[in-house]
Amino acid sequence: MNSLIRTTARCLRSGAAVCVSRPAHGRVWSASARLLCSAADFQKDLGEMVKKDKVVVFMKGTPAQPMCGFSNAVVQILRMHGVDNYASYNVLEDQELREGVKVFSNWPTIPQVYFNGEFVGGCDILLQMHQNGDLVEELKKLGVRSALLDTEKEAK
Amino acid sequence: MLPSISLCARPVTTWLSLTRPLAHFRPHMDPDPSRPVERTIRTKLTNVFQPEHLEVHNESHMHAVPPGSESHFRVVVVSSQFEGLPLIQRHRLVNEALKEELSSCVHALAIKAKTPNQWASDPSPGKSPSCMGGSRGDHTVEEKLKAGRE
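Chain order of the listed sequences is A and B.
All residue numbers for the first sequence refer to full-length UniProt numbering, where the first residue is 1 and numbers rise by one.
All residue numbers for the second sequence refer to full-length UniProt numbering, where the first residue is 1 and numbers rise by one.
Keep in mind the hints are simulated off the structure, nothing from the lab.
Beta carbons: idealized from backbone N, C-alpha and C, even for Gly.
Be careful, since some hints might not be right.
Claimed, not checked - Per the computed footprint, the stretches of chain B lying under chain A, defined by three or more beta-carbons under 8 angstroms from a beta-carbon of chain A, are:
id, region
1, 89-96
2, 109-116
3, 119-130
Next comes chain B alone, as it looks inside the complex:
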């Protein structure tokens, strides 16, 4: 069994925020209208992959960006369309589906792309590593946040 790695270089209090309940996708529920980027991501991933399971987490609060930002996301996509595809191909498909968002307002996208069988044997969405402040003072992030607001 390979040892797990420690994703924190320094102790970080934001790990506590990871204990909040996951926002599972349910088609009959309306997404939060105050989060347009999250809504768009859900819609696009649903349309492209017809997923059996989909999670879209806005992790912007874990990073050095203003409150309410929609710049950093983690997605879990479970779809039979990933059958037989290597990881990189799966991630490229997700990137392609969210091409517009990634070139405008989304600065970071963590992806877990699994087949239904893989998800059934290991239904863990994963955790993003702690921010190390790289977004602070990063003018490209500022531009993306501005693009998200417009």
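So here's chain A without its partners, still in its complex pose:
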């Protein structure tokens, strides 16, 4: 598998010390506990989720099995650049995540890509960045060397 699926934790703020953790495969263990989490808490959790890893992708499906052509395109682009150590979150398994990330990013569609906690865009933007060379530069800023640079070097 080319990506790591991180766990997230949400805690009730009302005083109860109940934590709900999401295991790596993305399923929610306690729906009732999650319902008690406020929307503001969820937005705060998203803020932490996008900063925990250099590259974060909210997508439909998983990198091993994308469920949407646009999400698949993002996975393929990252793979082409040798970026295989990123956090991906499957919004199809979590409706609250799916709607919450749209509010958080102020972006209406999935997939959504974050670099160093900053929203980059969706499939169209990532594709254009790949085509015009900007993606190589942006990855460099993250301290990630694009595999395409090595490919080009070998070709010379």
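On the provided structure of chain A, position chain B as indicated by the hints.
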């Protein structure tokens, strides 16, 4: 030259539908009255951006939704209003213009937002990747299709 990526994970026959002629926007032609969402998208993008060139493609047929749906669109907007703006800002402006549609009946929106100079040097609308069936059984898509019909 960066290699192009393959947007198909599996062979898909719907690529053939991409060879159909593009529906260029011409102000003197009436849009299809049987496609209200497409008409609304054209009108809003025209009003907001006064584009030099505008294309609105209903790509719903490429996805796992019923025939005649207006849920998946690709738009090309060429406007001098995009001068000096980064891609994300341009896309946010388009999203804002179509906010109502995106929160109701439109499930997916592929955007190409270019300045007139950029369009002149590369007038390609782009192609959407093949559907991988994510809309099938997706209740939020069903809700949006219902919203489009009402």
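Here is how each hint holds up against the structure:
Check on the region 89-96 of chain B: 3 of its residues sit with their Cβ under 8 angstroms from a Cβ of chain A, so the three-residue criterion for coverage holds. For the region 109-116 of chain B, the stated coverage by chain A is satisfied: 4 residues place a CB nearer than 8 angstroms to a CB of that chain, which reaches the threshold of 3. Coverage of the region 119-130 of chain B by chain A holds. Counting CB-CB distances below 8 angstroms, 4 residues qualify, and the rule asks for three or more.
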